[in-house]
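Read off the chains here:
There are 4 protein chains.
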Amino acid sequence: MIPNPERTYHDPLHGAIALNSSDPTESLLIRLIDTPAFQRLRRVKQLGPASLTFHGAESSRFTHSLGVMAIARRAFDRIASLYPQLHTYRPVVLVAALLHDIGHGPFSHVGEDVFGTHHEHWTCRILQEHPSIRDALDAFDPTLIQQIEQVYLKQHPIPLVWQLVSSQLDCDRLDYLMRDSYFTGASYGKIDLDRILMAMRYDPVTQQLVVVRKGMAAIEHYLIVRYFMYAQVYNHPKNIAASWILAQAMVRARELLQIGQLQADDTVSAWLGKVASDSTHSLDDRLSLADYLAADDGVFTYHMQRWQNNPDPILADLCRRFVDRDLFKALDVTHLPAVEQQSLLQKAHYWLANAGFAADYYAGLQVSFSRGYTLYQRGIKFLTPTGLEEISNLSPLVRTLTNPYQRVWLIYPREIEKSILITNADKS
Amino acid sequence: MIPNPERTYHDPLHGAIALNSSDPTESLLIRLIDTPAFQRLRRVKQLGPASLTFHGAESSRFTHSLGVMAIARRAFDRIASLYPQLHTYRPVVLVAALLHDIGHGPFSHVGEDVFGTHHEHWTCRILQEHPSIRDALDAFDPTLIQQIEQVYLKQHPIPLVWQLVSSQLDCDRLDYLMRDSYFTGASYGKIDLDRILMAMRYDPVTQQLVVVRKGMAAIEHYLIVRYFMYAQVYNHPKNIAASWILAQAMVRARELLQIGQLQADDTVSAWLGKVASDSTHSLDDRLSLADYLAADDGVFTYHMQRWQNNPDPILADLCRRFVDRDLFKALDVTHLPAVEQQSLLQKAHYWLANAGFAADYYAGLQVSFSRGYTLYQRGIKFLTPTGLEEISNLSPLVRTLTNPYQRVWLIYPREIEKSILITNADKS
Amino acid sequence: MIPNPERTYHDPLHGAIALNSSDPTESLLIRLIDTPAFQRLRRVKQLGPASLTFHGAESSRFTHSLGVMAIARRAFDRIASLYPQLHTYRPVVLVAALLHDIGHGPFSHVGEDVFGTHHEHWTCRILQEHPSIRDALDAFDPTLIQQIEQVYLKQHPIPLVWQLVSSQLDCDRLDYLMRDSYFTGASYGKIDLDRILMAMRYDPVTQQLVVVRKGMAAIEHYLIVRYFMYAQVYNHPKNIAASWILAQAMVRARELLQIGQLQADDTVSAWLGKVASDSTHSLDDRLSLADYLAADDGVFTYHMQRWQNNPDPILADLCRRFVDRDLFKALDVTHLPAVEQQSLLQKAHYWLANAGFAADYYAGLQVSFSRGYTLYQRGIKFLTPTGLEEISNLSPLVRTLTNPYQRVWLIYPREIEKSILITNADKS
Amino acid sequence: MIPNPERTYHDPLHGAIALNSSDPTESLLIRLIDTPAFQRLRRVKQLGPASLTFHGAESSRFTHSLGVMAIARRAFDRIASLYPQLHTYRPVVLVAALLHDIGHGPFSHVGEDVFGTHHEHWTCRILQEHPSIRDALDAFDPTLIQQIEQVYLKQHPIPLVWQLVSSQLDCDRLDYLMRDSYFTGASYGKIDLDRILMAMRYDPVTQQLVVVRKGMAAIEHYLIVRYFMYAQVYNHPKNIAASWILAQAMVRARELLQIGQLQADDTVSAWLGKVASDSTHSLDDRLSLADYLAADDGVFTYHMQRWQNNPDPILADLCRRFVDRDLFKALDVTHLPAVEQQSLLQKAHYWLANAGFAADYYAGLQVSFSRGYTLYQRGIKFLTPTGLEEISNLSPLVRTLTNPYQRVWLIYPREIEKSILITNADKS
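Residue numbers (my numbering), protein chains in the order written: chain A, 1 to 428; chain B, 1 to 428; chain C, 1 to 428; chain D, 1 to 428.
Check each hint, because a few of them may be wrong.
Copies of one chain are not kept apart here, so a pair can be met inside one copy or by any two copies together.
As the list claims (entries may be wrong) - Computed cross-link-like contacts, DSSO-like style, restricted to lysine-lysine with a CA-CA straight-line distance of at most 27 Å:
| # | residue 1 | residue 2 |
| --- | --- | --- |
| 1 | Lys329 | Lys214 |
| 2 | Lys154 | Lys274 |
| 3 | Lys190 | Lys238 |
| 4 | Lys347 | Lys190 |
| 5 | Lys274 | Lys238 |
| 6 | Lys329 | Lys347 |
| 7 | Lys190 | Lys418 |
| 8 | Lys329 | Lys238 |
| 9 | Lys190 | Lys214 |
| 10 | Lys329 | Lys190 |
| 11 | Lys214 | Lys238 |
| 12 | Lys190 | Lys274 |
| 13 | Lys329 | Lys274 |
It is worth saying that the hints were derived from the structure and are not from the lab.
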């Protein structure tokens, strides 16, 4: 029989993602995918607790990472066919794309807020310290790890190389917007990947990723979709409430652990910090790589399921609410002056205390940002007859998106909703 | 066997559109669809000559009209389930939606520019004068024609009734954006119909169509998609060039007809005007209903195919270029001062004359507008805690879209492209 | 500015089909697409009159031809990356794929039945005689025309070359099944193109196109979809009735032409045959290439619109029914013995005559075949550990499809429907 | 502000699933969805460990259950609009559809094989014993629980009622085929839901769900898709291997627990049975409802992650392989006589023992069935002029599917693959 040297991942968005094991770079990708550190991403949901709000949002960082690599390969191979001098950068682009999220921990970005971790830090540690990853990379090219880190730090000498992985128009964003919209059922989230990839070019002078004019509408649309996905999905009030309840549960768990009243395994104990002084160091400094990698969504969810029976009524109740999706409410109080927001929060605390709740864990103010487009890290550059031009100079729509969109939410349990709504209505 | 009282149209966008012949309104819809006047829409392409630029854009006004009716039925039935007092308006909404384009002639909107006709005028004449349509409507309800006209004139006493058919957020636009994007393959053109329909409400005070806040993103997105479709598809330079060449061919044909040097059948002769004095009246005034309905895309395309052999070299060449898609070029000269645009056109005429072309038919300036959103006819109103609020007051993105986007194009044949590009490059 | 050497066709099914003008083969494809002979395919609907039954089926042979070429390029480039010795056949495969339907005439396959033409015959004549096509091919490679003909005749020395274009698993069928299902809205018609293309291999021993085992389900499914599309779309009773009425109109027109009582232009006159003796030669032998290419759907539709006013009531009525979609009925009489089918037809003729119809033009028996899978031309071969194996030996489902599915229809106008149904009910 | 009485679930397959809280039945559905027992389905993957093979298959029983209810509502409301006497059965149909999988435990069907549980048993216990579910149902209608059980037992007096939920053409299958194909990216898995729902009817005589002839192709296609999904996805060799390794890990864990050498929480201990004698009763009999509901995919995955550090090398290794997706191989040995299959297994055991493996846990034979269509429970009935007809009498394709498709797999670790393949090749 003819040997079939391919590994194929059938992806709902990108179709058949075939890796050719006789190509050295793609063979390396296969080896990396098969490591425990990469497989662990199957147990980290792409959008943390967002599936509590959008029931379809159940996919993992694993599927997203494959997708980013698949888009990066399409984008890079197309550009490199026009500029063959780039071909030497194929391994660093593809591997950096595949591994860009390998450092994500429990609940992805939400977990970073809750625990104060930074996935970029852990991505670098995994590259350098995790034997199966490090050895595979070193065996391919002893300088590869350093190159990949240059990508993640946006310091690679060829800007295009890091721009494909991490910029205002990178393969990471292209995949997650497509994927999150596919799984959440937000039809307005579809982007025109073909037209975007067709418009990408390399500028030999500045060595940057640039785009040609005919891709303008597709790229404007992509930025607008990104804005919508932040405003409507990632920052949906229910999602903010779910994240907040998770954070409160962890705060309470940490307190109980430190006074010896919490059952947790070694991993969770390490994450929560066994003694109060632990909090003087960030988790990034304090955790061992093994403890970091031992954690995932399931490990914490498991503990929260168990803690529903903890004698502490606060922890037990917060966990129950998260596990059973009996979430808090989030009221938009953006329009109120800061002092009235605080006053409303104090009233909420008062009603909560009256109703027998430990008020601090049950109400708070939370700020959300919807990021549209920023000039950060060079922005998106168009080729024009008169040179490179940054997109917000060309597009009034994109210029509109550069204004950050911030909202302030009052979080509280449904038990005091009536009082909140009556008070708020008086203000309007 | 169980009688199956349904007529089903399987639509690629809306799935099975089933009409229940035991429901009087839907039975009327079936009867109207079966009239020659409505079947004629199969021979009028939705986007005129745009399929020369986007090869998939081959669908007809017939399929679009079914789609508008299908969306209107979903929208109306949902709103009427919340406000049963509206139920009486179901026939007028559905019939007005179905027939809203029945007055379109050859090449749809492009034809209107070329011939100076107005489809709204003919829609009303067909309602009143075409026996199969008029009799069906009168038999259902003697006041129905008048009600439908009120819809088309935006004078129906219940604004919601005409707003569903013709407004900034009407079922016509919802269908054509979905459909044109489906057939042209413009992925950024997908809109979130479900979320839009879910957000629609009736305001009993003002009797208008309004939307609730949670539909904001889907509606902002719809308006942006509309803007993109204008900028990228409807006003694509190739499409402007194709429309221009069609217009020039008709100008020339009219001239030849009036000096007795053109073969054309009665229909086309009537459209072009047999004597010069015909041009003192608009076609809308001059044409009989029979002559109007006898024309369609195919009738004119057929004549242009034949005119390729006309002794007049100008007409023959223009027709050949249109039929064989040997189109003119369209150069964006928006950035030039008007005087320089004119100067460039004069140069084009000079080179054309030198090259033996009848310059006036071969080069010209053409203006295109991309419509985003206007306040025209009440705009889109959101329900807010403090009353109705027009969308551009709430959305910076929509506010950006209210600025019209105008471009000026120089049209010319490829034969003088080199001269044009060299001259233009000097200016940049 | 960076030169952009690409021509891009945005296709609703295949996304961006980009042709690179600096690649000699793809540059040739661009040149061929731009010929009048190829552009003419825009005026030939893919499914003839089927849009009268499935309103979305309005797309042309032009879009299909681009699609076949796009799939052939994907399939060939993938196989050739595994078997580089095949690379030399890229031009013949791609050009043969693009041009495979260039010989189609008015109403595609339905027209072939009506007029007795064969598009394969005309494809070869166009290759050899049409200057713009022939010159482009000869300039590329003087043997190319001959190679392409070998493909169409299934005589190319490398069977894979013709199998990609014309076999039980060719790119023609892959595209038309995808496209027809996309446009008619038949969701069951989606095929898994990725998995099919991934399974294709070249067998160096027999030089055939073969498939590997893991593609089995996708290929079984493709064959079943093909069967369904025949049974449900192409052979839909309404479509059979529409084709029949078209054929009858042409029969009558031919008769009137021969007695000098029909107005028709040169093209249509040539197609119908001006004198009775014309019918002793087939149209393929009799028509000039110019007359063949001058015809398309629009030319005949135009004549039928005009013939609605012909003094002959039969022709006028048949044309009116076709133009206004007042179609005949098609009753499935497959279950009846042949003698009863004939008897029913005679009764129909009797009732028609009584009702004042010219019976022969108004009722008839029509047979339809649904082709599933045949062993014709080597079938589909799978690579197995014990050698090549034909798919119907491996798949019981495919074996079931090898049985042809034939139905017999009685065609008649609605005016005698009651009599027909009563009589038929008695038989059941 | 206008009260918005809707709860909306945006579903990637069915669009907006809106529940109207002012409709008593839909209000009950909302209340049921909000129970902990239903929310728990978020932690049970629809396809158990299949996401290890198809990375997109990460969705849960929760999303599927909403989907089944959404389809059941469409199907029922349509049928009931034709047969208003059915309206009284709306609550039982919708609730039975929503709750039909509430009894599923860890790893869904794979878990049932591993643990010997039956989700139908637990569904009934949850209805009767879980306060939040039972009280909600009883408050709506004291007989509702009994009616629902009649549905699940296929004993409801109106067969249509249970057939919509559980039959050869039920809403459960319609949703899971659509959903699994959407998430796994198996394009051939798309079904034509619209055409299927349009064809459904009620037969007043037998009170059954029946279908009309025009739905034939869509239903044949659905049955074929089901066959393919079994053959290609559910019974994919990698999935069989993943399930097998999970089962072996549980076998080993049980042994260790019984000799006191396993750490597990109360829930897992209860599931595995603390003493050997536990195995004399089935888990269904032995487990408390609380212990059953406390378990989910995450609880067992969590334990397997921890058991990677168990001193027992067999358990530790099996768990590591499952967690890190270092799966076993599955070789199709269907073609071998049973005695040779056994002989191959013995050789595998021998090589394993030589290589230091505990052979019994590392190699085995596994049988898979692909179910196409069975006559079981009345099959699918078509309305024909001569009465009801079972589909396999009408369709040769479906008749082909009635043959069960069984395969036998040899499971073994990659460490002995070479020996296995050499031996097997000798046999071929």
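Here's how the hints hold up against the structure:
no.	hint	in the structure
1	Lys329 x Lys214	between (45 Å within a copy, 16 Å between copies)
2	Lys154 x Lys274	neither (36 Å within a copy, 55 Å between copies)
3	Lys190 x Lys238	both (23 Å within a copy, 26 Å between copies)
4	Lys347 x Lys190	neither (43 Å within a copy, 45 Å between copies)
5	Lys274 x Lys238	neither (31 Å within a copy, 42 Å between copies)
6	Lys329 x Lys347	within (15 Å within a copy, 62 Å between copies)
7	Lys190 x Lys418	neither (39 Å within a copy, 40 Å between copies)
8	Lys329 x Lys238	within (7 Å within a copy, 44 Å between copies)
9	Lys190 x Lys214	both (19 Å within a copy, 19 Å between copies)
10	Lys329 x Lys190	neither (29 Å within a copy, 32 Å between copies)
11	Lys214 x Lys238	between (39 Å within a copy, 13 Å between copies)
12	Lys190 x Lys274	neither (45 Å within a copy, 52 Å between copies)
13	Lys329 x Lys274	neither (32 Å within a copy, 43 Å between copies)
Comparing the model with each earlier hint shows violations of hints 2, 4, 5, 7, 10, 12, 13; every other hint is respected.
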